[in-house]
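Following the hints, position chain G against chain L.
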Amino acid sequence: MRITLKLYATLSDYLPVEARKDNRLMLEVAPGATVHQVVRPYGLPEKLVHLVLINGVFVPPSQRATQPLREGDTLAIWPPIAGG
Amino acid sequence: MGWARKILRVNLTNGTCTAEPLNMEWASQYLGQRGLATKYLIAEIDPRIDPLSPDNKIIWATGPLTGTMASTGGRYSVITKGPLTGAIACSNSGGYFGAELKMAGWDMIIFEGASPKPVYLYVSDDKVELRDASHLWGKTVWETEETIKKTHQDPQIRVSSIGRAGENKVLFACIVNDLHRAAGRSGVGAVAGSKNLKAIAVRGTLGTGGIANPREFMKVTYEKKKILAENAVTGQGLPKYGTQVLMNVINEIGALPTRNHRDVQFESASRISAEAMHEKRPSDGKSHLVTNQACFGCTIACGRISEIDKNHFTVVNNPKYWGASGGLEYEAAWALGAANGVGDLEALQYANLVCNEDGMDPISFGATVGAAMELYELGLLKEADIGIKAPFGSAEALARMAEMTARSEGFGKLLGLGSKRLCEKYGHPELSMSVKGQEFPAYDSRGIQGMGLTYATSNRGACHLRSYTVASEVLGIPVKTDPLTTEGKPGLVKAFQDATAVFDSSGLCIFTSFAWSLADIQPQIQAACEGDWSMEKIEVMGERIWNLERQFNLAAGFTRKDDDLPPRLKTEPARTGPAKGLVSGIDKMLPEYYEIRGWTPEGVPTPETVSRLGL
Chain L
1 MRITLKLYAT LSDYLPVEAR KDNRLMLEVA PGATVHQVVR PYGLPEKLVH
51 LVLINGVFVP PSQRATQPLR EGDTLAIWPP IAGG
Chain G
85 MGWARKILRV NLTNGTCTAE PLNMEWASQY LGQRGLATKY LIAEIDPRID
135 PLSPDNKIIW ATGPLTGTMA STGGRYSVIT KGPLTGAIAC SNSGGYFGAE
185 LKMAGWDMII FEGASPKPVY LYVSDDKVEL RDASHLWGKT VWETEETIKK
235 THQDPQIRVS SIGRAGENKV LFACIVNDLH RAAGRSGVGA VAGSKNLKAI
285 AVRGTLGTGG IANPREFMKV TYEKKKILAE NAVTGQGLPK YGTQVLMNVI
335 NEIGALPTRN HRDVQFESAS RISAEAMHEK RPSDGKSHLV TNQACFGCTI
385 ACGRISEIDK NHFTVVNNPK YWGASGGLEY EAAWALGAAN GVGDLEALQY
435 ANLVCNEDGM DPISFGATVG AAMELYELGL LKEADIGIKA PFGSAEALAR
485 MAEMTARSEG FGKLLGLGSK RLCEKYGHPE LSMSVKGQEF PAYDSRGIQG
535 MGLTYATSNR GACHLRSYTV ASEVLGIPVK TDPLTTEGKP GLVKAFQDAT
585 AVFDSSGLCI FTSFAWSLAD IQPQIQAACE GDWSMEKIEV MGERIWNLER
635 QFNLAAGFTR KDDDLPPRLK TEPARTGPAK GLVSGIDKML PEYYEIRGWT
685 PEGVPTPETV SRLGL
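So the protein lines, in turn, are chains L and G.
Its first residue numbered 1, the first sequence is counted upward by one per residue in our numbering.
Its first residue numbered 85, the second sequence is counted upward by one per residue in our numbering.
Among the clues, some could well be false.
[Stated by the list, open to error] Computed footprint of chain G on chain L, listed as stretches where at least three residues anywhere in the stretch have a Cβ under 8 angstroms from a Cβ of chain G:
1. 4-16
2. 21-27
[What the hints assert, rightly or not] Below, simulated PhoX-like cross-link-like pairs (lysine-lysine); rule was C-alpha separation at most 20 angstroms, straight line:
3. L:K21 - G:K324
4. L:K47 - G:K310
5. G:K370 - L:K21
6. L:K47 - G:K324
7. G:K497 - G:K509
8. G:K564 - L:K47
9. G:K394 - G:K324
10. G:K364 - L:K21
11. G:K324 - G:K309
Just so you know, these hints were derived from the structure itself, not from any lab.
From the three backbone atoms N, C-alpha and C, an ideal C-beta is built for every residue, glycine too.
Next comes chain L alone, as it looks inside the complex (with noise of 0.2 angstroms):
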């Protein structure tokens, strides 16, 4: 099934040159995958995957390893950031 992964910030640095632009890269993943099954390939250190959003919506640290993706999802996630 097909994804949109979105890395920003610091975590941007793990895509694939060509998606850094837009911090987007569209992913066929295995049907069912989970948040941890589609980023470990990418290296990102855990500590940095942080504020984790499908579709929008948080998905807390334990659900990360079982909630499975959708066709369609766009899976965004954040480093450690605030703002004001």
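Chain G in isolation, oriented as in the chain L frame:
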């Protein structure tokens, strides 16, 4: 003592400057800066006065940790009755001015009356004098600072001044120091302008002495700086990306107000984000962002310094804007961008520079442009009224409206009244996205429910810096809560409001709260200040300050009906994103909030609450 124990009272009508001892009894109850200056203001003015009359007073106030070695200890606030809202106004600024004022030996300066001619106050330690500012009137903030430094032959002078917006009483005019740090909201600059007060110029060489327990203060401030340095947000995220890193986050969660809150997601958000500021431009191969910058004593350094594209239509013939300068920060980028549907990063920076240069709050200005663009789209405002076509998304209209508002030219005079008065004039007050007359900042309360209650109950009108529940609802600081529900939000908002009042009264920056809790600033206050500053005491103090401000607003004529959101947020559901189908649950949250506050169903502190807080 963290205080200088001395205040300066300047009567602008008579031209007199008088030193007074700081009221230490009040200092023991309200600490400094926001809390203490509010206490002074309320004791000295009638809440029902016209904010732009000589009867109003305006106070520049530091906190006990301003000018010390505590991290971020460089803050000051400007407190007055705000002309945009008619409510209490308290606007906080960083940079270096606050620390300089403290090092000149002053906790605060109270201005009263109005000068018959333009003046600026020159402070050099104990030496203070009102000086003629006729030659500065009509000049920008940037020109004013440069001229004053040349006049006194002292490049180390720090200047806090108004630009032409303040002189022209633009109702969201701000007070700017160090070129691009500002006491930004509620129109404090217009109050200074109404008094013919152009600037304060300060040189302080006395240092900040009198720390109650110097050894303990050095130890505890060192320990707390380590926390900031080791925290991923304050040690890495904010220095590298600044507040602008939020643009894509808030868009992704569907809470980025777009086109005057018609939408909650902006299709061009990524083009005006922190990540975009790091990208190299095709036109000149340079990135927008040049570096980050810290205020006095700050070990976070979140500030953005950028260089606009010299080839951009806004500045191609205007080299004065070509150098590196302040911005964009998230709030300005949102208000000048998404709020108007403008996705041109360089145009946003140009409008931001105009705001800095002439002293305008970019939040209220940008949001007012958004309202004007909606009126234009609805056919209620015509090109002939404005002088330019102004559909959503027009970078040209944004740039032109910034110029005309800053200079009060043509339609800019109307824009300078803010969105509430503008929309009322054209028969559609409901199109003003504001509370108590002050425009919303960058979070949509349909997608972040706690922020709706934050805006509705903020004592200075819609504001994110009175209880930044975004930290919890979106970013998980200190704990993650669900942004789409109202449950638990009244208690969360109250907790944030009370704690923020303490931060704002100490001299420290609220951004430390991403890593510090009250338990981290309490020992710093205790080491700096004589007397008891236990956790119990400062927690009650935060609540006391909030209720004090509330009492002022009630006496000024505000009622429960003013604690409300525009109908759009209560009746027009979000059209996309996670909040799709949702409206604000403000009507559900407000009664519970009043109850938790110890207020009556009409929003008035009960006698028991007033007594408990020692008000």
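The hints, checked one at a time:
Using a Cβ-Cβ cut-off of 8 angstroms, 5 residues of the segment 4-16 of chain L lie near chain G, which meets the minimum of three, so the contact claim holds. For a cut-off of 8 angstroms, the count of residues in the segment 21-27 of chain L with a CB near a CB of chain G stands at 3, and the three-residue condition holds. Restraint check for K21 of chain L and K324 of chain G: the C-alpha separation of about 17 angstroms stays at or below 20 angstroms, so the hint holds. Note on K47 of chain L and K310 of chain G: the hinted pairing holds, with a Cα-Cα distance of about 19 angstroms set against a maximum of 20 angstroms.
Restraint check for K370 of chain G and K21 of chain L: the C-alpha separation of about 14 angstroms stays at or below 20 angstroms, so the hint holds. A threshold of 20 angstroms between alpha carbons decides the hint, and for K47 of chain L with K324 of chain G the separation of about 17 angstroms falls inside it, so the pair holds. Our distance criterion of 20 angstroms between C-alpha atoms is met by K497 of chain G and K509 of chain G, whose separation comes to about 13 angstroms. The straight-line distance between the Cα atoms of K564 of chain G and K47 of chain L is roughly 16 angstroms, inside the 20 angstroms bound, and the hint therefore holds.
For the hint pairing K394 of chain G with K324 of chain G, the CA-to-CA distance comes to about 24 angstroms; that exceeds 20 angstroms, so the pair is violated. Between K364 of chain G and K21 of chain L the CA atoms are separated by roughly 10 angstroms; this keeps the pair inside 20 angstroms, and the hint holds. The suggested pairing of K324 of chain G with K309 of chain G holds, with an alpha-carbon distance near 18 angstroms, which does not exceed 20 angstroms.
This entry does not satisfy hint 9, going by the numbered hints stated previously; all others are met.
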